[in-house]
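These protein sequences, in sequence, are chains A and B. In this text, residue positions in the first sequence follow the numbering used here: the first is 62, and each later residue adds one. In this text, residue positions in the second sequence follow the numbering used here: the first is 16, and each later residue adds one.
Calculated directly from the structure, the hints in this document are not laboratory data. Hints are supplied without guarantee of correctness; some may be wrong.
Below 30 Å or equal to it, Euclidean Cα-Cα: the simulated DSS-like pairs (lysine-lysine) are [said to hold, decoys possible]: (1) A:150 <-> B:113; (2) A:150 <-> B:79; (3) B:215 <-> A:152; (4) A:152 <-> B:113; (5) B:114 <-> B:132; (6) B:79 <-> B:215; (7) B:215 <-> B:132.
Fair warning: this is a prediction, and the values are worked out from it, not measured in the lab.
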Amino acid sequence: MLGAVPYAARSDWTLGAEASLRHDSNVGNSAAPSDVVGDSTLGAKLSMSNLFPLGEDYSLTVGGDLRGELFRTLTGLNNASVEGVLSLKRKWGYGAFAPWARLGLTVGRSSYDASYRNAWDYRVSAATGWRVDERLNIWAEYAFDRLAAATQEQEVPSLSGDAFSQTSHNIQLNAEYALSERSFVNLGLSGRHGDVVSTTQGDSQIIAAARALAEDPAFGPESYAYRIGGTSFGFRAGIHFSPTPHCLLGVGFERLITHADGGTDYNKSIPEITWDYRF
Amino acid sequence: MNKPLAASVLWLLAAVPGHAAELIVQVKDHGKPVSDAVVLAMPTDAKNLLRSKLPADAVDQVDKQFVPYVKPVYVGSRVRFPNSDNIRHQVYSFSSAKKFELPLYAGATAAPVVFDKPGVVVLGCNIHDWMIGYIYVADTPFFAKTEGAGTVTLSDLPPGEYTVRVWHPSMAEHAEESTARRLTLSADAPATLEWALSLKPIFRVPRVSTSGASVY
Numbered sequence: 062m063l064g065a066v067p068y069a070a071r072s073d074w075t076l077g078a079e080a081s082l083r084h085d086s087n088v089g090n091s092a093a094p095s096d097v098v099g100d101s102t103l104g105a106k107l108s109m110s111n112l113f114p115l116g117e118d119y120s121l122t123v124g125g126d127l128r129g130e131l132f133r134t135l136t137g138l139n140n141a142s143v144e145g146v147l148s149l150k151r152k153w154g155y156g157a158f159a160p161w162a163r164l165g166l167t168v169g170r171s172s173y174d175a176s177y178r179n180a181w182d183y184r185v186s187a188a189t190g191w192r193v194d195e196r197l198n199i200w201a202e203y204a205f206d207r208l209a210a211a212t213q214e215q216e217v218p219s220l221s222g223d224a225f226s227q228t229s230h231n232i233q234l235n236a237e238y239a240l241s242e243r244s245f246v247n248l249g250l251s252g253r254h255g256d257v258v259s260t261t262q263g264d265s266q267i268i269a270a271a272r273a274l275a276e277d278p279a280f281g282p283e284s285y286a287y288r289i290g291g292t293s294f295g296f297r298a299g300i301h302f303s304p305t306p307h308c309l310l311g312v313g314f315e316r317l318i319t320h321a322d323g324g325t326d327y328n329k330s331i332p333e334i335t336w337d338y339r340f
Numbered sequence: 016m017n018k019p020l021a022a023s024v025l026w027l028l029a030a031v032p033g034h035a036a037e038l039i040v041q042v043k044d045h046g047k048p049v050s051d052a053v054v055l056a057m058p059t060d061a062k063n064l065l066r067s068k069l070p071a072d073a074v075d076q077v078d079k080q081f082v083p084y085v086k087p088v089y090v091g092s093r094v095r096f097p098n099s100d101n102i103r104h105q106v107y108s109f110s111s112a113k114k115f116e117l118p119l120y121a122g123a124t125a126a127p128v129v130f131d132k133p134g135v136v137v138l139g140c141n142i143h144d145w146m147i148g149y150i151y152v153a154d155t156p157f158f159a160k161t162e163g164a165g166t167v168t169l170s171d172l173p174p175g176e177y178t179v180r181v182w183h184p185s186m187a188e189h190a191e192e193s194t195a196r197r198l199t200l201s202a203d204a205p206a207t208l209e210w211a212l213s214l215k216p217i218f219r220v221p222r223v224s225t226s227g228a229s230v231y
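Model the full assembly from the supplied sequences, consistent with the hints where possible.
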């Protein structure tokens, strides 16, 4: 693939690969204990990007990802996606310790085994960060995310079948702290406000609060997905080790708590093992 | 015979086997051998600083790292920065001993940089934040760098009195002065010195981070 691009562009391509094994304790974002389904996933991602310096302070990066995710039980959620990324970065100074800010635009397309979940993903983000010293690195990001899926057959009069499209505002605060030359811990806080999709058995409260409703057979023959408004708060922690300069192994844990309309409050825990490689 | 000529003759005599002194140095940190430590021998007699020609030096960029990690050079040296990677690098330094910037380049196109002031020059790449390297600009022509075993031999030294000191990237700032030792070298037998340093842990910017900034 690299051989097919012109020399001037080929010279600065950066490649990356990632793999993960994670367990989501509540894949369907369900509130009722009887509806909660946990599952494990195996994920993989290939990334490539090219950086174009624009003067002394700015750089433009053009990149793309290929992702795949396999579910152990809920195989209808197996998916592959492709996305393109364009970002403009400014650094105030040279080197690792210069503060930076970045604007990003991502457009992606996801394809699921349960094809009714296929969607376009549009994401606009703004991030800023600063490596305080050799040990401490901090950054924050805001993102507006729009997931556009096909509208499904209407199940209830006056309630849309567009249950899998979502709009959300997302914010993250992150820190990495080096424990040694080869290891660091990371801590993160996140907030998300917007649409959530909860696959659960219907009750009067969630139906009254739902913005859309559709069948969701990936979770079983009588499962329905409700799009409702909600606010999520998350905490994430992990420890990472670099066996080689190119490679990063990590163990992490994320806890998410969501307060959604209609009293549909749910939570989930996501432990994971990750492997990153940068060529 | 005028003085410069006399010094040159002395230098030539010292370079002949049998007329030169040798210093063998071992550097350790809590008992473990230390590599990349720069050992410098400053002659008390300034005329021994004469040297006919400065060697060409280079710091390469291989696999998005500076190679070597530590490069000692004599003051006034011209150092080239070839780029052996198939991506471009933008080499810079903010160090008081030498401030410079080589705009984004590939291959061996960058002009050499003259290091005309003694001191430590920290190298970076503005594109790849984890790249860091050191050029130690020595105020004496008699220096060398320890390898994996923590040892180094300084050969062909004019016999005489010297102040010998050690520098390493993990030493605390200004700690180099406290390593200074005086000794007299003769052509009769090699001298040996050993340093037991207390180095700071190294925390280098990781190449792979959870921020995603490594790729985008």
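Below or equal to 30 Å on CA atoms is what counts here, so check residue 215 of chain B against residue 152 of chain A.
29 Å, holds
Are residue 114 of chain B and residue 132 of chain B close enough, with their CA atoms no more than 30 Å apart?
Since the Cα atoms of residue 114 of chain B and residue 132 of chain B sit roughly 11 Å apart, the hinted pair holds (cutoff 30 Å).
Residue 152 of chain A paired with residue 113 of chain B [C-alpha distance capped at 30 Å]
22 Å, holds
Given the hint that residue 215 of chain B pairs with residue 132 of chain B, test it: the Cα-Cα distance must not exceed 30 Å.
26 Å, holds
Between residue 150 of chain A and residue 113 of chain B, does the CA-CA distance stay at or below 30 Å?
Since the Cα atoms of residue 150 of chain A and residue 113 of chain B sit roughly 28 Å apart, the hinted pair holds (cutoff 30 Å).
Against the 30 Å threshold, does the CA-CA distance of residue 79 of chain B and residue 215 of chain B hold or violate the hint?
24 Å, holds
With the threshold set at 30 Å, check whether the alpha-carbon distance from residue 150 of chain A to residue 79 of chain B stays at or below it.
The hint holds at about 21 Å.
In this structure, none of the earlier numbered hints is contradicted; all agree with it.
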